[in-house]
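S.K.: Which chain is which? The protein sequence lines are A and B, in order. For the first sequence, our numbering begins at 1 and goes up steadily by one. For the second sequence, our numbering begins at 1 and goes up steadily by one.
Rather than coming from a laboratory, the hints here were simulated on the basis of the structure. Accuracy of the hints is not assured; some may be wrong.
[Said to hold, decoys possible] Where chain A lies over chain B, by a calculated footprint (3+ residues, C-beta under 8 Å):
1) 98-107
2) 224-238
3) 266-274
4) 277-283
We put the beta carbon where it would ideally sit given N, CA and C, even for glycine.
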Amino acid sequence: MIRLLIVEDDKNIVKMLEATVSIAGYESDSCYDGKTAIQKINENDYDLVLLDVMLPNFNGFQVMEHIDTEKTPVIFLTALQDVTDKVKGLKLGAEDYIVKPFEAVELLARIEVILRRRHKNNNIIKYGDITVDISRHIIKKQGIEIQLTPKEFELTVFFMQNLDIALTRERLISAVWGYEYMGETRTVDTHVQQIRKKLDLQDSLITVPKLGYRLESKS
Amino acid sequence: MKLWFKVFISALFLVIAAINATALVVLSNNQHMTITRERSRAVSSHEFICASISNNITYQRMKSEAFMLSKDDIDKVIEHILSQQLEENALAIISDSENNISYYGEEKPDIKTLSEKITSEDNLASIILDCGENTYMFVGSISSFEGKEYKVFTANNITEVYNERNKELFFVQILSVVLAAVIAVILLLLIKLLFRPLGRINKTINKIARGDYSLRVSTSGSEEFQQLANNVNSMAVSVEENYNRIESIAEDRKRFIDSLSHEMKTPLTSILGFADILRIKKNVTPDELNEYSSIIVEESKRLKAISGKLMELVSSGDSELELNPVRTDVILNELSIVFEPMMKAKSITLFTHIEPLIINADADLFKSVIYNFVDNAVKASFEGGKIELTCRSEGEYAVITVRDYGMGIAEEDKKRIFEPFYMADKVRSRKLGGAGLGLALCAEIAKKHNAKIELESELGKGTIISICIKQSEGKINEQI
Numbered sequence: 001m002i003r004l005l006i007v008e009d010d011k012n013i014v015k016m017l018e019a020t021v022s023i024a025g026y027e028s029d030s031c032y033d034g035k036t037a038i039q040k041i042n043e044n045d046y047d048l049v050l051l052d053v054m055l056p057n058f059n060g061f062q063v064m065e066h067i068d069t070e071k072t073p074v075i076f077l078t079a080l081q082d083v084t085d086k087v088k089g090l091k092l093g094a095e096d097y098i099v100k101p102f103e104a105v106e107l108l109a110r111i112e113v114i115l116r117r118r119h120k121n122n123n124i125i126k127y128g129d130i131t132v133d134i135s136r137h138i139i140k141k142q143g144i145e146i147q148l149t150p151k152e153f154e155l156t157v158f159f160m161q162n163l164d165i166a167l168t169r170e171r172l173i174s175a176v177w178g179y180e181y182m183g184e185t186r187t188v189d190t191h192v193q194q195i196r197k198k199l200d201l202q203d204s205l206i207t208v209p210k211l212g213y214r215l216e217s218k219s
Numbered sequence: 001m002k003l004w005f006k007v008f009i010s011a012l013f014l015v016i017a018a019i020n021a022t023a024l025v026v027l028s029n030n031q032h033m034t035i036t037r038e039r040s041r042a043v044s045s046h047e048f049i050c051a052s053i054s055n056n057i058t059y060q061r062m063k064s065e066a067f068m069l070s071k072d073d074i075d076k077v078i079e080h081i082l083s084q085q086l087e088e089n090a091l092a093i094i095s096d097s098e099n100n101i102s103y104y105g106e107e108k109p110d111i112k113t114l115s116e117k118i119t120s121e122d123n124l125a126s127i128i129l130d131c132g133e134n135t136y137m138f139v140g141s142i143s144s145f146e147g148k149e150y151k152v153f154t155a156n157n158i159t160e161v162y163n164e165r166n167k168e169l170f171f172v173q174i175l176s177v178v179l180a181a182v183i184a185v186i187l188l189l190l191i192k193l194l195f196r197p198l199g200r201i202n203k204t205i206n207k208i209a210r211g212d213y214s215l216r217v218s219t220s221g222s223e224e225f226q227q228l229a230n231n232v233n234s235m236a237v238s239v240e241e242n243y244n245r246i247e248s249i250a251e252d253r254k255r256f257i258d259s260l261s262h263e264m265k266t267p268l269t270s271i272l273g274f275a276d277i278l279r280i281k282k283n284v285t286p287d288e289l290n291e292y293s294s295i296i297v298e299e300s301k302r303l304k305a306i307s308g309k310l311m312e313l314v315s316s317g318d319s320e321l322e323l324n325p326v327r328t329d330v331i332l333n334e335l336s337i338v339f340e341p342m343m344k345a346k347s348i349t350l351f352t353h354i355e356p357l358i359i360n361a362d363a364d365l366f367k368s369v370i371y372n373f374v375d376n377a378v379k380a381s382f383e384g385g386k387i388e389l390t391c392r393s394e395g396e397y398a399v400i401t402v403r404d405y406g407m408g409i410a411e412e413d414k415k416r417i418f419e420p421f422y423m424a425d426k427v428r429s430r431k432l433g434g435a436g437l438g439l440a441l442c443a444e445i446a447k448k449h450n451a452k453i454e455l456e457s458e459l460g461k462g463t464i465i466s467i468c469i470k471q472s473e474g475k476i477n478e479q480i
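If we strip away everything but chain A, and leave its shape as in the complex, we get (with noise of 0.2 Å):
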């Protein structure tokens, strides 16, 4: 199971990141200022920390100076524009950073790079008959390969890694193409077609009207 540690001094923003990492099954602990979480940091074995910069008794600058972040990597989320503020925690070693606001989604998918960067994540995903093996790029359904184009593998594994959560075809774009893809969404259509046909997901990759696609997981 992940663990994540949330400091944050808003606690309506820790619900809502809370409620969040929940979706992507993650479990989560939280605290409000810098002191404790430097202890709790130190004490426990967390995941990943998401680590506010503006926070009562030590900032977040000042937390990442106090803790390990090679064993724990560090996510900081920041009101601030400033540039050299995020130069400054990428500098103190923070794996990246988020701008506050920020999409759900968006901030799973941060999250995930990490984890699966640390290899803290399964590099194996399994959906009912389907295995994936990341590392490998190979897609299993009942044993048999299935040969899929290096974008729709992309966008299976984005779908499997955030099952039950609707996806906005920006959102796709964004995550399989990049954000510089100034292409039309209906790239992301057909795309999807291709999956639902090879990979024989018709009842399970849903359309969500007016918004984009969902991933049901297998019951």
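Here the structure of chain A is known, so what remains is to put chain B in place on it, guided by the hints.
M.R.: Only chain B this time, still in chain A's reference frame:
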């Protein structure tokens, strides 16, 4: 050209000129005296020779017992006398009435020039003439020997006088060159020494100009330099003050923007996050739906409060206010109606003591100040507490005071409490719907009214906050 060099060159030039001028005046004066002395010597030797000739002629006449000496005898006497009496290097020229000229001595100057210069009227006239390599002082006279007229010229060699003068002139030139060199060295050292403070001041100014605003010039040296240093220092002081002021304005602005972005983004983060969760999550339980949407509403309200206050702050900071005479009792009584429900909610008793005074104010903004004061007092008060609202006249000022007996403000918070977004107790303030902008707004409005806000507070005992504003000169009766 550098100033020190200009001063050096002009001083040196003047000194050398003065030395030379003095030397020349002294020399020429000396020369004049020597010439005069030579002249009187020449005149007396001339007279002596003439007298000797005349005496000898008389003696010879008496000796020969002749009635008159012949011309030949006279010439003999003259020759005899001259050969005896004429000094070495001296000249003599005798010309008789028939213009027979006889020369004695080494040189034979042109008699015509002499005759022209020395005429019979000007007896014993003298003239200086160059003959060959020598210079002579000629004295001429017309003497009568045995009834015959003779022109007698005698001359002393005064070449030595001129040689002497030339030597002295040469000596003076050498001396002036040596003196000039010595003076140049001394002057150079002196000027460098005197100008040293200027270099130091320059260096310091340079450093100040490069941004070291706290530097000061040392005020040593001559009076002008001290003055300059003092002026530079007072300039540096005002530059530093201005720089610090601008820097602190920039810092305030940065802090304001940082706080603003933090304060705006915090509710936005919750709103966006929860809204997104509601949108993308497959199964949202009724409890979750309830909780999430409540938070969204709550945070939206907070955002609304901030933006409202912010708009007030911006608009009060921007425009010039139109100040009108308003009655304090009217304003405060109007506000009391607004306060009532706030007081009731916490069972707070409001005591008022209001003197009707007239002030020049923008009624709406001024109400907003008092509202904020009372709002803060209510938030700080405990259940069942009391708040006092008074308005009294103090000299030419109207003082409106709000006093509560609530939690008070800690010493370290007092200074910063007027800063935008500063909240002594963030969690509590937000719970009570505060945006941290109320007092910043009050301070801004007070500034616009030329009014002063005074704060007295003790932790745990309560707070007294007042606004002092100048009373308008009008009378109550004349106003409505």
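S.K.: Next step is simple, just say for each hint if it's right about the structure.
M.R.: Going down the list of hints, with the structure as the test:
no.	hint	verdict
1	98-107	violated (count 0)
2	224-238	violated (count 0)
3	266-274	holds (count 9)
4	277-283	holds (count 6)
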